[in-house]
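Engineer: Taking this note's numbering, I'd label the letters of the sequence shown as residues 910 to 1125.
Rather than coming from a laboratory, the hints here were simulated on the basis of the structure.
Zero decoy hints are in this set.
Distance ranges between label pairs, derived from CB positions:
| hint | residue 1 | residue 2 | range |
| --- | --- | --- | --- |
| 1 | V922 | V1052 | 36 to 44 angstroms |
| 2 | P919 | S1107 | 45 to 53 angstroms |
| 3 | V1084 | R975 | 17 to 25 angstroms |
| 4 | E950 | R997 | 40 to 48 angstroms |
Think of the CB as a built atom: it goes at the ideal place given N, C-alpha and C, for glycine as much as any other residue.
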Amino acid sequence: MGAVKTKRMPRAVREQQMLDAAVQIFGQRGYMAASMDEIAELAGVSKPLVYLYLNSKDDLFTACIRREADALTAAVRAGVSPGLPADRQLWDGLCAFFAHTAEHPDGWSVLHLQARTHGDTFAAEVTAMREEIVAFVTQLIVVAAREAHRDPDLPEREVAGLAEALVGAAEALAVWANTTPGVTARQAAATLMNFAWSGLGALMGGRVWTPPPAET
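Between the sequences and the hints, there should be enough to build the whole structure, so can you do that?
Structural biologist: Written out as C-alpha coordinates, the structure is:
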(Lines of atoms letter the chains of each structure in order from A and count residues from 1; the text may use other names and numbers.)
(Lines give C-alpha, C1' and ligand atoms only; values in the text may rest on other atoms or scores of the structure.)
Protein backbone atom coordinates (compact mmCIF):
# COMPACT_ATOMS: atom_id res chain seq x y z
CA MET A 1 0.00 0.00 0.00
CA GLY A 2 1.37 3.40 -0.96
CA ALA A 3 1.87 6.33 1.36
CA VAL A 4 -1.32 7.96 2.57
CA LYS A 5 -1.73 11.48 1.25
CA THR A 6 -3.26 13.89 3.71
CA LYS A 7 -4.77 17.32 3.23
CA ARG A 8 -3.50 20.10 5.43
CA MET A 9 -5.88 20.91 8.28
CA PRO A 10 -5.59 22.28 11.82
CA ARG A 11 -3.85 19.92 14.22
CA ALA A 12 -6.84 19.81 16.59
CA VAL A 13 -9.15 18.75 13.75
CA ARG A 14 -6.73 16.11 12.51
CA GLU A 15 -6.29 14.75 16.02
CA GLN A 16 -10.05 14.40 16.51
CA GLN A 17 -10.18 12.58 13.18
CA MET A 18 -7.58 10.12 14.47
CA LEU A 19 -9.47 9.69 17.75
CA ASP A 20 -12.71 9.02 15.86
CA ALA A 21 -11.00 6.24 13.94
CA ALA A 22 -9.30 4.86 17.02
CA VAL A 23 -12.52 4.72 19.05
CA GLN A 24 -14.20 2.80 16.23
CA ILE A 25 -11.35 0.29 15.91
CA PHE A 26 -10.81 -0.13 19.67
CA GLY A 27 -14.54 -0.38 20.31
CA GLN A 28 -15.20 -2.98 17.61
CA ARG A 29 -11.98 -5.02 17.63
CA GLY A 30 -10.74 -4.57 21.18
CA TYR A 31 -7.53 -3.04 22.45
CA MET A 32 -5.27 -6.03 21.81
CA ALA A 33 -6.54 -6.77 18.29
CA ALA A 34 -6.55 -3.15 17.15
CA SER A 35 -3.58 -2.08 15.07
CA MET A 36 -2.14 1.36 14.45
CA ASP A 37 -2.13 0.55 10.71
CA GLU A 38 -5.91 0.06 10.76
CA ILE A 39 -6.45 3.24 12.73
CA ALA A 40 -4.24 5.28 10.42
CA GLU A 41 -5.94 3.91 7.33
CA LEU A 42 -9.43 4.60 8.68
CA ALA A 43 -8.39 8.13 9.66
CA GLY A 44 -6.90 8.71 6.22
CA VAL A 45 -3.44 9.55 7.55
CA SER A 46 -0.04 7.89 7.69
CA LYS A 47 0.91 5.74 10.66
CA PRO A 48 3.94 7.94 11.42
CA LEU A 49 1.57 10.91 11.71
CA VAL A 50 -0.53 9.05 14.30
CA TYR A 51 2.61 8.39 16.33
CA LEU A 52 3.71 11.99 15.90
CA TYR A 53 0.43 13.32 17.29
CA LEU A 54 -0.38 10.68 19.90
CA ASN A 55 2.98 9.03 20.72
CA SER A 56 1.99 5.37 21.21
CA LYS A 57 -0.87 2.92 21.15
CA ASP A 58 -1.22 3.23 24.93
CA ASP A 59 -1.33 7.03 24.76
CA LEU A 60 -3.83 6.89 21.91
CA PHE A 61 -6.07 4.54 23.88
CA THR A 62 -5.83 6.76 26.95
CA ALA A 63 -6.80 9.78 24.85
CA CYS A 64 -9.82 7.86 23.54
CA ILE A 65 -10.92 6.92 27.07
CA ARG A 66 -10.62 10.50 28.30
CA ARG A 67 -12.50 11.94 25.35
CA GLU A 68 -15.34 9.43 25.57
CA ALA A 69 -15.55 9.76 29.37
CA ASP A 70 -15.73 13.56 29.13
CA ALA A 71 -18.40 13.33 26.43
CA LEU A 72 -20.57 10.91 28.45
CA THR A 73 -20.29 12.93 31.65
CA ALA A 74 -21.08 16.15 29.79
CA ALA A 75 -24.11 14.55 28.13
CA VAL A 76 -25.55 13.41 31.46
CA ARG A 77 -25.01 16.79 33.10
CA ALA A 78 -26.44 18.66 30.12
CA GLY A 79 -29.54 16.50 30.22
CA VAL A 80 -30.44 17.52 33.76
CA SER A 81 -32.11 20.82 34.63
CA PRO A 82 -31.39 21.96 38.21
CA GLY A 83 -34.46 23.03 40.14
CA LEU A 84 -36.68 20.20 38.97
CA PRO A 85 -37.81 17.51 41.44
CA ALA A 86 -35.15 14.88 42.14
CA ASP A 87 -37.03 12.10 40.35
CA ARG A 88 -37.38 14.26 37.22
CA GLN A 89 -33.68 15.14 37.32
CA LEU A 90 -32.78 11.47 37.62
CA TRP A 91 -35.13 10.57 34.78
CA ASP A 92 -33.64 13.22 32.52
CA GLY A 93 -30.11 12.14 33.44
CA LEU A 94 -30.87 8.49 32.70
CA CYS A 95 -32.45 9.38 29.36
CA ALA A 96 -29.33 11.34 28.47
CA PHE A 97 -27.08 8.49 29.60
CA PHE A 98 -28.89 5.81 27.62
CA ALA A 99 -29.25 8.05 24.56
CA HIS A 100 -25.52 8.79 24.55
CA THR A 101 -24.44 5.18 25.00
CA ALA A 102 -26.82 4.11 22.24
CA GLU A 103 -25.60 6.82 19.86
CA HIS A 104 -21.92 6.07 20.63
CA PRO A 105 -21.72 2.28 20.99
CA ASP A 106 -18.01 2.15 20.16
CA GLY A 107 -17.24 4.79 22.75
CA TRP A 108 -19.31 2.91 25.33
CA SER A 109 -17.46 -0.29 24.46
CA VAL A 110 -14.14 1.50 25.01
CA LEU A 111 -15.27 2.75 28.42
CA HIS A 112 -17.25 -0.18 29.76
CA LEU A 113 -15.44 -3.17 28.26
CA GLN A 114 -12.02 -2.38 26.88
CA ALA A 115 -10.62 0.12 29.39
CA ARG A 116 -11.57 -2.00 32.39
CA THR A 117 -9.82 -5.13 31.18
CA HIS A 118 -6.48 -3.93 29.84
CA GLY A 119 -4.53 -2.59 32.77
CA ASP A 120 -4.84 -0.51 35.91
CA THR A 121 -3.87 2.74 34.16
CA PHE A 122 -6.76 2.50 31.72
CA ALA A 123 -9.17 1.29 34.39
CA ALA A 124 -8.26 4.26 36.59
CA GLU A 125 -9.38 6.66 33.85
CA VAL A 126 -12.82 5.05 33.78
CA THR A 127 -12.99 4.90 37.56
CA ALA A 128 -12.52 8.68 37.72
CA MET A 129 -15.43 9.19 35.32
CA ARG A 130 -17.61 6.76 37.25
CA GLU A 131 -16.86 8.46 40.56
CA GLU A 132 -17.98 11.78 39.10
CA ILE A 133 -21.28 10.30 37.93
CA VAL A 134 -21.83 8.51 41.26
CA ALA A 135 -21.22 11.79 43.12
CA PHE A 136 -23.73 13.51 40.84
CA VAL A 137 -26.39 10.82 41.46
CA THR A 138 -25.64 10.85 45.19
CA GLN A 139 -26.52 14.53 45.33
CA LEU A 140 -29.84 13.92 43.57
CA ILE A 141 -30.77 11.16 46.00
CA VAL A 142 -29.57 12.94 49.13
CA VAL A 143 -31.63 16.02 48.33
CA ALA A 144 -34.74 13.88 47.93
CA ALA A 145 -33.94 11.92 51.10
CA ARG A 146 -33.46 15.06 53.16
CA GLU A 147 -36.78 16.42 51.95
CA ALA A 148 -38.58 13.14 52.60
CA HIS A 149 -37.17 12.75 56.08
CA ARG A 150 -37.33 16.47 56.84
CA ASP A 151 -33.71 16.23 57.91
CA PRO A 152 -31.47 18.79 56.19
CA ASP A 153 -28.43 17.28 57.90
CA LEU A 154 -28.91 13.71 56.69
CA PRO A 155 -25.35 12.61 55.80
CA GLU A 156 -24.46 11.64 52.25
CA ARG A 157 -23.11 8.29 53.43
CA GLU A 158 -26.69 7.22 54.13
CA VAL A 159 -27.43 7.17 50.39
CA ALA A 160 -23.97 6.75 48.84
CA GLY A 161 -24.46 3.00 48.48
CA LEU A 162 -27.76 3.56 46.69
CA ALA A 163 -26.05 5.81 44.15
CA GLU A 164 -23.36 3.17 43.55
CA ALA A 165 -26.03 0.53 42.98
CA LEU A 166 -28.01 2.79 40.66
CA VAL A 167 -25.00 3.64 38.48
CA GLY A 168 -24.00 -0.03 38.33
CA ALA A 169 -27.51 -0.96 37.23
CA ALA A 170 -27.45 1.75 34.56
CA GLU A 171 -24.17 0.44 33.19
CA ALA A 172 -25.47 -3.12 32.98
CA LEU A 173 -28.75 -1.96 31.46
CA ALA A 174 -26.92 0.05 28.79
CA VAL A 175 -25.13 -3.10 27.65
CA TRP A 176 -28.47 -4.93 27.50
CA ALA A 177 -30.22 -2.08 25.68
CA ASN A 178 -27.44 -1.78 23.10
CA THR A 179 -27.63 -5.49 22.28
CA THR A 180 -31.41 -5.87 22.35
CA PRO A 181 -33.15 -4.74 19.15
CA GLY A 182 -35.91 -2.20 19.58
CA VAL A 183 -35.04 -0.94 23.07
CA THR A 184 -35.01 2.86 23.13
CA ALA A 185 -33.21 5.16 25.55
CA ARG A 186 -36.53 6.17 27.11
CA GLN A 187 -37.54 2.53 27.56
CA ALA A 188 -34.24 1.72 29.26
CA ALA A 189 -34.58 4.78 31.49
CA ALA A 190 -38.17 3.85 32.39
CA THR A 191 -37.08 0.32 33.25
CA LEU A 192 -34.50 1.59 35.69
CA MET A 193 -36.80 4.24 37.16
CA ASN A 194 -39.46 1.60 37.81
CA PHE A 195 -36.90 -0.73 39.32
CA ALA A 196 -34.89 1.78 41.33
CA TRP A 197 -36.83 4.97 42.00
CA SER A 198 -40.00 3.18 43.00
CA GLY A 199 -37.97 1.33 45.59
CA LEU A 200 -36.27 4.53 46.67
CA GLY A 201 -39.66 6.14 47.08
CA ALA A 202 -40.70 3.40 49.51
CA LEU A 203 -37.42 3.73 51.36
CA MET A 204 -37.83 7.47 51.71
CA GLY A 205 -41.35 6.95 53.01
CA GLY A 206 -40.03 4.69 55.76
CA ARG A 207 -41.22 1.45 54.13
CA VAL A 208 -38.01 -0.50 54.51
CA TRP A 209 -37.53 -4.19 53.78
CA THR A 210 -36.09 -5.93 56.82
CA PRO A 211 -33.97 -9.09 56.48
CA PRO A 212 -34.87 -12.12 58.62
CA PRO A 213 -32.93 -12.64 61.83
CA ALA A 214 -29.53 -14.23 61.35
CA GLU A 215 -29.35 -17.88 62.25
CA THR A 216 -27.29 -18.68 65.32
